[in-house]
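> Okay, here's what each chain looks like letter by letter:
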Amino acid sequence: MQLPDAIKEKPGRNYETIAWKWMRYSALLLIPLVWGHVLLQDILVGVHRIDLNYVALRWASLGWRIYDVLLLGFAFAHGVNGLRQVALDYIHNPRARRGVEWGLLIFWLLITGIGAAAIIGGVSALPE
Amino acid sequence: MAHLKTPLQGYLGYRGREGQTAFLLHRISGIGTALFLTIHILDTALVYFYPGLYEEAIGIYRTTLFGIAELFLVFLVIYHGINGLRIAGFDLFVPQRWNIPTARGSFRLTLILTLLLWLPAAAVMLYNLLHHNFGLFGG
Amino acid sequence: MRLTLKIFRYDPNTSAGPHYDRFQVEADPNDRVLDLLEAVRGDQDDTLSFRRSCAHGVCGSDAMRINGLNALACKVLVKDLNSDTIQIEPLLGLRVEKDLIVDMEPFFAHYRSILPYLINDEPLPEDGKERLQSEAERERFDDTTKCILCAACTTSCPSFWADGQTIGPAAIVNAHRFIFDSRDRGRLKRLKILAGQAGVWRCRTAFNCTEACPRDIHITRAIAEVKQEILKHS
Amino acid sequence: MDTLHTYDVLVIGGGGAGLMAALHAAPRARTAVISKLYPLRSHTGAAQGGIGAALGNVEEDRWEWHAYDTVKGSDYLGDQDAIDFMCKEAVQSVYDLEHFGLPFSRTPDGRIAQRPFGGHTNNETGKPVRRSCYAADRTGHMILQTLYQQCIKNEITFYDEFQVVDLLLVDGRAAGVVAVELASGELHTFRARAVIFATGGHGRMWEITSNAYSFTGDGPAVLLRRGLPVEDMEFFQFHPTGIYKLGILITEAVRGEGGILLNSKGERFMEKYAPKIKDLASRDVVSRAIYLETRAGNDINGQRYMLLDVRPETVNRYAALDGRTRPDGSPYVVSAEEILSKIPDIADFCRTYLGVDPVKQPIPIQPTAHYAMGGIPTSIRGEVLADETGRVVPGLYAAGECACVSVHGANRLGTNSLVDLIVFGKHAGLNAADFAASADLPPLPENPQAFAGHQLAALRGGSGKERAAQIGREMRALMFDEVGVFRTEQGLEKAVETLQDLRRRFTDIRVGDAGKAYNTALLNAWELGNLLDLALVTARAALARRESRGAHARDDYPARDDQNWLKHSLAWLDEAGQVHLKYKPVTITHYTPKERTY
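Residue numbers (numbering that gives the first Met the number 0), protein chains in the order written: chain U, 0 to 127; chain X, 0 to 138; chain L, 0 to 233; chain B, 0 to 597.
Rather than coming from a laboratory, the hints here were simulated on the basis of the structure. Among the hints, a few may not be true.
[Stated by the list, open to error] Mimicking PhoX-like on lysine-lysine, the simulated pairs with C-alpha atoms at most 20 Å apart in a straight line are:
no., chain 1, residue 1, chain 2, residue 2
1, B, 126, L, 78
2, U, 20, L, 128
3, B, 566, B, 593
4, B, 244, B, 126
5, L, 128, L, 188
6, B, 87, L, 128
7, L, 78, L, 5
8, U, 20, L, 231
9, L, 191, L, 231
10, B, 275, B, 593
11, B, 152, L, 191
12, B, 566, L, 188
[To be verified] Which bits of chain L does chain U cover? Going by a derived footprint, with three or more residues having C-beta under 8 Å, they are:
no., segment
13, 16-30
14, 48-59
All of these numbers come straight from a predicted model, not from anything done at the bench. Beta carbons are placed, not taken as given, at the ideal position from N, Cα and C, and that holds for glycine.
With the hints as extra help, turn the sequences into a complete structure.
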C-alpha cells in the first residue's frame, strides 16, 4: 500500500538501523563460516590434534587464510556489536554509554588487529 | 549495578514463555561466544607473537574441564545461529506470521534442530575427550 | 474453595521495605482475581491499594503480575490459575508507589513521544463529511486500535526491564495504529523516532508482550511491521 | 508541590464529555482536566455499539427521525428542544470525530459504516434504520482514545488521579473545586472562573451493573451537598442484556446483527411485547419483557436469566422469517466469521467470563443497571440549573452522564449516551470558555478546604462499629431488589427507610488505612457516601412518581399518567437526610405524547 506523505522527513541513515541490519546480514555469512570452522576444528580435527604445525599447514593455503580473515572480520564485529547492544541495555548514563562505545570500538580494533596480524604473519617459528 | 536488579528479577521471576527463553538463551550464547572468540583470537595470535606459548595455551583447551565447556560452546554456537535465522527470517521476510503459535512452535523447532545438529557433534567430541584424556577406546 | 493470596506490599510512608502479606479468602472458581482483591480490601485489610475501574478488561486499570505473569486482574479467573496460592505483585519496571500501584507516568511519556494523534493538515473534504477510507485500508491497522494502554506489554518486555528509556511495545503499537492509517501524514516522523536507540530495534522478539496483551493484539507482529517500514524508508 | 492552582476553566472528569469540553474550551481559556482516573480508564471506553447520527450513509435517514425516536424512547419525558438540538448537532459531531482521526468501520464505498440499533427507526416504515455509526464493537473505546489523542496534540493540562471532593461556591457562583491528590493524599484547591462537571454515572448502587467501580455519582453528590438539586433521579436504565451474574454489557449491536432473545421454552418472546421491531425494541421495553418472562416462570432453569442467541443458524432462520435484507436487497444471511468480526470484544467477554463461544452457544443474559438518565439539571448550553424555575448557577456547567439536560427523559435510546457526551460536552466547553472570557476570577471562600477536610476526617474518625464494605453490599442488594426494573409502593417505602438507616450506620464506619499515599479505602468510603445519598434520592423520587414511564416501572401504577406526571422531578437533600421534591414541566415542541408501541 503506497501512502502519500506530506512530511518528507525520512528516518534516514541511522546508526541503530544500520547496526540492526548488520547483525542480520553478517549472520547469513557467519552461519556457514562459523559452523564450518567448528565442524572442522572442534569435531573433525579436535583440539588434541591442533598445534603449531597444524596451524602452519593450514595457513600455508591462501584459501584458508582468506576464510579465517573473513571469519575474524565478520564474527568479531558481529560479536562486539552484540556486546555493545547488551551493554547499552544495562548502562544508561549517557557518559558511561559513550565510554562503553569508545571502549568497545578500541577493543574491537585492537583484537581484530592482533588477529589479522597473526593470520597475515602466520606461524613465526615452528618448534624444532 | 542497581540497573541489573529489575531485569534479573524479570529474567528469573517472570513466567515468560518460549520467546523469553529464546531471548535469554540467545543473549547468553551470544555473550559466551563473543567472550570465547576474544580469547580464541588472542591465543591463536600467539602463533605469530609468542609461538612458544601457543602449545601451552592449547594445552589448557585439552583439559577435561575445557573439553566439557567446549561441548556447551558448540551447542550455544549452533543455537545462536539457528535462533538468529529464525528471528531474522520472521522480521525480514514474514513479519505477518509473527504470532503466538508460530513463535512458540518455531522456538521448539529451533531447539530440536539444535539438538539434532549438536548430538552427533557432541558424540564425536565426547569420544575425542574420553579417548585422549582418559585413555578409553584404545587410547 | 479456600485460597491463599500472597500479595506484594509496600508503603513509602513507613520505613519498612517491601514484603509479602498472605490472606485467606473464600473463592468461587469463576471469581476474577480482582474480586478476591476487593474482598481482601473490603473485609480484611483496607490498607491494601490497587487500581481498578471497569472490571471487565476494557479500561486497563488493573494490570499486575499474577503468578508471575502480567495480566488484568479482572480478566483472570481463579479457575484459569490452577493453584491454591495466588501470588500478586505490581508491574515490573515502573516505580512502586504503594502496594500494587506503580507510577505510570514514564509509560505515558513514551506513549506521548510517538505523536499518538492523527497528523493531517490537508484540507477536509469540501462537503464537510468524512475522509474516505476503504474497508481494506481500515482493516490494515484494526489490530493496533484495540490497545487500552494498560502497560501489561511494556512491563513484560525484557528491554524495558533493563532500560526504562526503551519506548516499549505499547507505544510502538500506538505508533503502528497511525503509521498504517491511510488518513495519516505523519508516519515518517514517527518512523524516525522509532528508528532511534530506544525504539523498535530494542525489540528482541521475546514475545512476552504478545503473550501478556489482554486484548490479544499481535504486538510483536506490529513491531516487526514497523521495523520493515523503517527499512523501507532508510 | 503547590496546592493552590488557578485556571480559567476546570473540567472535572476525563471521560468523553470531559475531554470534549476540554478540547473546546482550551483554545480560548486556560483549561485543566481533573480526573480521579487516568483519562483513558474512563467508562466511555466501555461503550460498545455505536453513536447514533442520521448520516444516511447506507440508507435514507434524517435527523428529525432520530429526534422523534429519541422523544419516543424517552417516553415523552425528554425536552424536545434539547433533543432536536442534539440530534441535529450529532451529524456534524460524528464528522468532527472522524476528522479527529477516529477509526470508524467503513462501508464498501469508504464512508462511515452504520448499523441498526434498538429503538432507531425509519419513521415512515417503522422498521429499524441503520443509524448507529460504529467502530467494530468498541466505539466508546475509539472515542475516548481519539479525544485523549487530541488532548495530547493540543497540550491540555491534566491532573490525573485527583479526586474532586467539593465544589466551591461564592455568592451562588462557582469559584473552584477541592480535590485529593491520590498519590500524596494532599488536598488541593483549584480556583477557576468556570467549572464543568463531567463525572459520569452512578450505576454502582445496584448489585448487577454494567458500570465501572468508579461510577459513584461524585459530581451530583458533591452538588447535592452544596444545596443544588438533581433531576429525574428515579429514571435509571436497566440494559436488557448483561452477562448473567456479572452484569457486563452485551451490546444491542448483537441483536442489531440478528441476535434473538429466547426464553426457557425456546420462544422468541419479544414478538409478544414488541411485535413490530421485536428484539430491537427500546431498552426499558426489553428489560421489562425479560422480567415479566421470568415472573411467568419462563426463565432458564429457574435462574432468572434468558438466552441471547447469535448463532448463525438462529440468526439466519429468524432473518428469513422477518424478511430481513441487506442494503442491496439480497436476503440477510451471515456466517459465524462475519458475526465474530462485528462483535470481537463481546465474543472475548463470553469466552473469558462464561466459557461460551457466542457463535456456538447462546449467551445467558439478565438485565443489568446501565445508565443514569437523571443527574445534574442543565440547560441546553450546559449551564447547571439551581431550581425549578431554570435559574442558572453562574460559572457552573455539567455534561455527559452526570448531567440531565434532559435528552433521555425516562429512558435513553441506545447510542444516545455517546451522542449526548459529544454534543453537550462540546457545547459545555464552548460556553464555559465564553463565560470565563467575560467573567472575573471569583474570590475564594475563607478556608476553602474546610468542608472537604471535614468530610474526610469524619470517615476516619467514626466509631468503627460498622464496615463500609458491608453497608455497600446491603445498599446494592436493596437497590436491585426494590428500586430495580420493577418497583412497588411497599418496596420503595422499605428502600427509603432502609437507606436512611444505612446512611446513619455509615457515620459509624472508620477507615482503617491511616496512610496518605493512595489511600483507596478512604476514597472508596467517600464514594460510598455519594452512592448512599443518590440512592436515597432515587428511591424517594421513585416512590413519589405514581406512574410507569420509561425505565421507571411501577407494578402498582402500570400506566403512564401524562395528566399528573408529564414533568421532571428535582430533588434536594438536606443535612438532616430529608429529600425535598419539586417538579418542572417538560418542554414539548412538536411531538405530542402518545402511546408508545414498538
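> Give a verdict on every hint.
A quick look at each hint next to the structure:
1. 126/B - 78/L: 45 Å, violated
2. 20/U - 128/L: 44 Å, violated
3. 566/B - 593/B: 15 Å, holds
4. 244/B - 126/B: Not OK: residue 244/B and residue 126/B at ~33 Å, beyond 20 Å, violated.
5. 128/L - 188/L: 27 Å, violated
6. 87/B - 128/L: Measuring from Cα to Cα gives roughly 14 Å; hence the hint holds.
7. 78/L - 5/L: 17 Å, holds
8. 20/U - 231/L: 12 Å, holds
9. 191/L - 231/L: 12 Å, holds
10. 275/B - 593/B: With a Cα-Cα distance of about 17 Å, the restraint between residue 275/B and residue 593/B holds, given a limit of 20 Å.
11. 152/B - 191/L: Status holds; Cα separation ~18 Å.
12. 566/B - 188/L: 56 Å, violated
13. 16-30: With 0 residues in contact (Cβ-Cβ under 8 Å with chain U), the coverage given for the segment 16-30 of chain L is violated.
14. 48-59: Result for this restraint: violated, n = 0.
In terms of the numbered hints stated before, the structure departs from hints 1, 2, 4, 5, 12, 13, 14, listed from lowest to highest.
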